[in-house]
Amino acid sequence: MTDPSWRQLTLAVSLSGVGSHPAARLAADSLTPATWQHWTSAIAETERGGLELVTLADGPPQRASGRATDGQRNGNASDGQRNGDRPQHRAADGDDAARLPWLDPTLIACRAAPVSVAVGLVPEIPTVTTEPFLVSTQLATLDHVSRGRAGWSVIVSEQKSGGEYVGPRSVPPVADRYAEAAEHIEAVRRLWDSWEDDAEIRDAPANRFVDRERLHHIDYAGRWLSVKGPSITPRPPQGQPIVAITLRGQPSLQLAAAHADVAFVAAGPDLLDTTRRLADAVAAAGREPEQVVVLADLGVVLSDDEGAATDRAARLDAAAPRDDTGDPPAFAGTPAALAQHMLQLAGHGVHGFRLHPAVIGEDLPLIARRLTEELQARGARHAGGGRLLSLRARLGLDPHPANRYAAGAR
Amino acid sequence: MSPPRQIHLAAHFPGVNNTTVWSDPAAGSHIDFSSFEHLARTAERAKFDFFFLAEGLRMREHAGRLHELDVAGRPDSLAILASLAAVTERIGLMATITTTYHDPYELARQLGTLDHLSDGRAGWNLVTSSDPFTGANFRRGGYLPYDQRYERGEQFVESVQLLWEAWAQNGSRFRYDGTQVRIAGEFPLPPLPQGRPAMIQAGDSDAGREFAARYADGIFTRHGRIEDGVRFYADVKGRLERYGRQPHELVILPGSTFTLGDTDAQAHELALEVRRAQVSGPHAIMFLEQLWNRDLSSYDPDGPLPEVEPDLTAQARAEGSAQARTLQREAIETAARWRARAEADNLSIRELVIEMTGRQSFIGSPQTVAEAINAHVQAHACDGFILIPHVTPGGLDRFADEVVPLLQERGVFRTDYAGPTLRDHLGLAGPRQWARLQAARAS
Chain B
1 MTDPSWRQLT
11 LAVSLSGVGS
21 HPAARLAADS
31 LTPATWQHWT
41 SAIAETERGG
51 LELVTLADGP
61 PQRASGRATD
71 GQRNGNASDG
81 QRNGDRPQHR
91 AADGDDAARL
101 PWLDPTLIAC
111 RAAPVSVAVG
121 LVPEIPTVTT
131 EPFLVSTQLA
141 TLDHVSRGRA
151 GWSVIVSEQK
161 SGGEYVGPRS
171 VPPVADRYAE
181 AAEHIEAVRR
191 LWDSWEDDAE
201 IRDAPANRFV
211 DRERLHHIDY
221 AGRWLSVKGP
231 SITPRPPQGQ
241 PIVAITLRGQ
251 PSLQLAAAHA
261 DVAFVAAGPD
271 LLDTTRRLAD
281 AVAAAGREPE
291 QVVVLADLGV
301 VLSDDEGAAT
311 DRAARLDAAA
321 PRDDTGDPPA
331 FAGTPAALAQ
341 HMLQLAGHGV
351 HGFRLHPAVI
361 GEDLPLIARR
371 LTEELQARGA
381 RHAGGGRLLS
391 LRARLGLDPH
401 PANRYAAGAR
Chain G
1001 MSPPRQIHLA
1011 AHFPGVNNTT
1021 VWSDPAAGSH
1031 IDFSSFEHLA
1041 RTAERAKFDF
1051 FFLAEGLRMR
1061 EHAGRLHELD
1071 VAGRPDSLAI
1081 LASLAAVTER
1091 IGLMATITTT
1101 YHDPYELARQ
1111 LGTLDHLSDG
1121 RAGWNLVTSS
1131 DPFTGANFRR
1141 GGYLPYDQRY
1151 ERGEQFVESV
1161 QLLWEAWAQN
1171 GSRFRYDGTQ
1181 VRIAGEFPLP
1191 PLPQGRPAMI
1201 QAGDSDAGRE
1211 FAARYADGIF
1221 TRHGRIEDGV
1231 RFYADVKGRL
1241 ERYGRQPHEL
1251 VILPGSTFTL
1261 GDTDAQAHEL
1271 ALEVRRAQVS
1281 GPHAIMFLEQ
1291 LWNRDLSSYD
1301 PDGPLPEVEP
1311 DLTAQARAEG
1321 SAQARTLQRE
1331 AIETAARWRA
1341 RAEADNLSIR
1351 ELVIEMTGRQ
1361 SFIGSPQTVA
1371 EAINAHVQAH
1381 ACDGFILIPH
1391 VTPGGLDRFA
1401 DEVVPLLQER
1411 GVFRTDYAGP
1421 TLRDHLGLAG
1431 PRQWARLQAA
1441 RAS
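Chains B and G, in that order, are what the protein sequence lines are.
With the first letter of the first sequence counted as 1, position 105 gets the number 105 in my numbering; the numbers rise by one all the way through.
With the first letter of the second sequence counted as 1, position 358 gets the number 1358 in my numbering; the numbers rise by one all the way through.
Just so you know, the hints here were simulated from the structure itself, not pulled from any lab data.
Glycine included, C-beta positions come from ideal geometry on N, C-alpha and C.
Among the hints, erroneous ones may be present.
[As the list claims (entries may be wrong)] Computed cross-link-like contacts, EDC-like style, restricted to lysine to aspartate or glutamate with a CA-CA straight-line distance of at most 16 Å: (1) B:K228 - B:E186; (2) G:K1237 - G:D1262; (3) B:K228 - G:E1061; (4) G:K1237 - G:E1273; (5) B:K228 - G:D1131; (6) G:K1047 - G:D1397.
[Said to hold, decoys possible] According to the in silico footprint, chain G covers these stretches of chain B (three or more CB under 8 Å from chain G): (7) 200 to 210; (8) 256 to 268.
Okay, chain B solo, but in the shape it has when bound (with noise of 0.2 Å):
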């Protein structure tokens, strides 16, 4: 991540119920999230925009990070300030008819995958309520599917409640909880590693299927959680789907120096501040800077008129008053306004952009075929089409890593 190579920024947008703004669910039926053609529409418009990926959040309480407080969001402010345990999918007055539904993200991936192409599909998917090996298994046959297109974006619950969900199993404590997450997130990796390549060998003279020595134990024992392994599921495409995680606080950031392929990272007045000490937390923990991928978070409301879109931004924000403390900085006028905006913070470390519509049936036309437009013009990105290439190689990482188990590799 050092010398991020602004000229072609990546970019990724973030779909959530029916927009990042919390006025959102009153500017569309709120029920819409619960249909299939919500989400496979609004990932078509994606893949028309050429984006490199989205992610798909998930809202219901147990999941929600906790949302934190401006500069603690970026690892600034101490602890203690959260925002509680207001569940998200409600309206803040508590009001039922304002009611999200939340399906769930993974699956939501997989029936994206085979109508789309191109584009990354990246689900949140939360560490203390799940387990492993279904995680692992899931994202592997996720990456199938979509030949190489499959992410974790990786949520670590803050809030106390978590537990309540999987009683009588017990969950850490809040103090624990990047601890576990790191646990799961090594458990699930060497899982998708636990079958070679090749471990396949259809050896019928031989009646053998497969290769025992190609399959692995992956015995993993943590404070936290063991798993066995192998897996029962063959090697994604990518070898290693990537993980994504999001910045918030100081164990976070440890999280993803040490773990992550993709960082995002929310685009405020520290912007810069985070990413120097992401990048010095990443060589910390012996890895190379091009091993993570930076992208600035950044909810957007657009118009291609700048007084509309102020206005429709001062009318969202008056119908719900959006969350300063955690939903990412907020910028509304034109496309070519936010353009410019971009390309301005793109030295502060980053190598992209993953934007929250607002409203995604009003904002993520405009990302997909406004906005791509002008940051062509400006030569921050190629035109779309090409060749289908898998998330990894599109985001600049190797695209095939290594596995930990092969002989070559010890």
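Following the hints, complete the assembly by docking chain G onto the known chain B.
The following block gives chain G in isolation, referenced to the frame of chain B:
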């Protein structure tokens, strides 16, 4: 005269055991999406009720080593079914899921999501297990004693049903306090297209039958002779009344294999060829080792049975195989039966294993197979079959093209789907009727 009983059919994606002949020149990939798409679309073209996936959450091992002889490697069931929802329109999508190593909230959310993403086609084949070998891949390990597996299963089902009703009944909030399941919170899915996805249960034991009679919409059972089927059918359907249920509210579907030929004679030749491919020399020794629970690697599969008797004291040699677990439970009687058969017909180890395991349920011309299938259903031996082809992914093609039209001609199998959901295909009550039934039973 009453109209003939209607047959239900489902397609089982070939599994990771020796039923699946991967050495067949026509055998394709077991992990490429195209294989799953091919079988699901073939079954949908033939108007089958559902596409079915088994579950195995640990790679099979034999004598402490990973098993090499059979197909290995499979996708996650719910993930691949969500993908299949995109390339099919009507066929049901059913996953086998154990209540022991899944969590009720996660499962309710994912299965409910599949129901929304498929417009009401999700299905669940519920299994209860107690298997520390598989548990080693999960957080809680082999935590569940064998005799508590149905206690967990019942609480799992009740809590999952509570979650599916939470949005409409209780403003999304839920709380379930059991010994095996203790959860509370909010459930984020609006009412499912099916109200409750169709759920079948695999397990022939007395506890399994009672569980099915109380909770399930169907039973996935073992195939047998018509007279055994009739007894099983009467027993299970007879248990429904005490739970206030009607006989048609639970379908009985044995898992079945088949071999088709142009003539019956040709089909029997082919069937023997398939069994020889399914039981190689190493397979035969492995089966015998599962039953004898001894190292028999020095024996010649083309020679006679070992003189020694099964070892009931040692640790089981085969892990992760339901077939092996069944064999071990009945080891001494089975071994005596096998020995008698080998002596009577002068069979080698391999010949004996070919005779005693994996014989196809239906063998013959399309005409013969269609008649046999229909005979089982009309005799009330079952309500239909879950068919297990032995070749991936084209193993159902000929059945779809040649047997299904004969069943349709006889007026015993649909020529098109009557409704959009899996519950519709199975002839089960839809969400509204189902809610009324629930309310009536509660009062």
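So, going through the hints one by one against the coordinates:
| no. | hint | verdict |
| --- | --- | --- |
| 1 | B:K228 - B:E186 | holds (13 Å) |
| 2 | G:K1237 - G:D1262 | violated (37 Å) |
| 3 | B:K228 - G:E1061 | holds (13 Å) |
| 4 | G:K1237 - G:E1273 | violated (38 Å) |
| 5 | B:K228 - G:D1131 | holds (14 Å) |
| 6 | G:K1047 - G:D1397 | holds (13 Å) |
| 7 | 200 to 210 | holds (count 7) |
| 8 | 256 to 268 | violated (count 0) |
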